[in-house]
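Trainee: With the sequences and hints as input, model every part of the structure.
Our numbering runs 19 ahead of the 1-based position in the sequence shown.
No lab work stands behind these hints, which were simulated from the structure alone.
Treat the hints with caution; some may be incorrect.
Said to hold, decoys possible - Computed cross-link-like contacts, DSS-like style, restricted to lysine-lysine with a CA-CA straight-line distance of at most 27 angstroms:
| hint | residue 1 | residue 2 |
| --- | --- | --- |
| 1 | Lys141 | Lys130 |
| 2 | Lys130 | Lys41 |
| 3 | Lys123 | Lys141 |
| 4 | Lys123 | Lys41 |
Said to hold, decoys possible - Label pairs and their in silico Cβ distance ranges:
| hint | residue 1 | residue 2 | range |
| --- | --- | --- | --- |
| 5 | Gln64 | Tyr134 | 32 to 42 angstroms |
| 6 | Cys85 | Pro42 | 20 to 30 angstroms |
| 7 | Lys130 | Met76 | 17 to 27 angstroms |
| 8 | Asn43 | Ser104 | 31 to 41 angstroms |
| 9 | Gln66 | Gln131 | 31 to 41 angstroms |
| 10 | Thr105 | Phe129 | 29 to 39 angstroms |
| 11 | Glu121 | Leu52 | 22 to 32 angstroms |
| 12 | Gly122 | Lys41 | 11 to 21 angstroms |
| 13 | Ala132 | Thr65 | 30 to 40 angstroms |
| 14 | Asn53 | Thr105 | 23 to 33 angstroms |
Note that the Cβ used here is the ideal one computed from N, Cα and C, for glycine as well.
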Amino acid sequence: MHYLLPFLLVLLAAAMTSAAEKPNVLFIAVDDLNHWVGYTGRNPQTQTPNLDRLAGMGTAFTQAHCAVPACNPSRAALMSGMRASTTGCYFNQDFWTRFIPEGKTMAATFKQAGYSTWGMGKIFHSDSFY
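Mentor: Here it is, written out as structure tokens:
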């Protein structure tokens, strides 16, 4: 019986810790990568040891499909979860961030959940979306 209080305290501390901790998220989007990475197993001649190791430590989405056969509309769909028919972004000259309402991107959703978000590269040219 005298072990009950320490057990409950440990249980409470563990519950509070796990509720307070959020998993780290690293999202990498690469245009035109296709399946030319080792971890997909589709092209054995491809040697990508660092990407393979990174994919082995997390989740790799190997069944992705193009929303629109153009870069910016696909980026809009990827970052917002909305189809081109919803965003109105159909062409490469349509920079995707002009078509997504503020606060409706994947990065904004993470930020609203208390995450620190960062973006760089071809997808992010403005800090208003991360």
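Trainee: Between Asn53 and Thr105, does the C-beta distance stay in 23 to 33 angstroms?
Mentor: Holds, at about 26 angstroms.
Trainee: Next pair to validate is Lys141 with Lys130; report whether the Cα-Cα distance is within 27 angstroms.
Mentor: Cα-Cα ~20 angstroms, so holds.
Trainee: Given the hinted pair Lys123 and Lys141, is their alpha-carbon gap at most 27 angstroms?
Mentor: holds (19 angstroms)
Trainee: With 17 to 27 angstroms as the target window, see if Lys130 and Met76 comply at their CB atoms.
Mentor: Hint holds: Cβ distance 24 angstroms, inside 17 to 27 angstroms.
Trainee: Is 11 to 21 angstroms respected by the C-beta to C-beta distance linking Gly122 and Lys41?
Mentor: holds (19 angstroms)
Trainee: For Gln64 and Tyr134, compare the CB-CB distance with the range 32 to 42 angstroms and indicate the outcome.
Mentor: About 38 angstroms separates the Cβ atoms of Gln64 and Tyr134, which means 32 to 42 angstroms holds.
Trainee: Hint says 22 to 32 angstroms; check whether the CB-CB distance for Glu121 and Leu52 agrees.
Mentor: holds (29 angstroms)
Trainee: Using the C-beta atoms of Gln66 and Gln131, is the stated range 31 to 41 angstroms upheld?
Mentor: Distance hint for Gln66, Gln131 holds at roughly 40 angstroms.
Trainee: Is the straight-line distance between the alpha-carbon of Lys130 and that of Lys41 27 angstroms or less?
Mentor: holds (12 angstroms)
Trainee: Does 20 to 30 angstroms hold as the CB distance between Cys85 and Pro42, or does it fail?
Mentor: holds (28 angstroms)
Trainee: Thr105 and Phe129, beta-carbon distance inside 29 to 39 angstroms?
Mentor: violated (21 angstroms)
Trainee: Measure nothing beyond the straight line between the CA atoms of Lys123 and Lys41; if it is 27 angstroms or shorter, mark the hint as holding.
Mentor: holds (21 angstroms)
In the structure shown, a violation is registered for the earlier hint numbered 10 alone.
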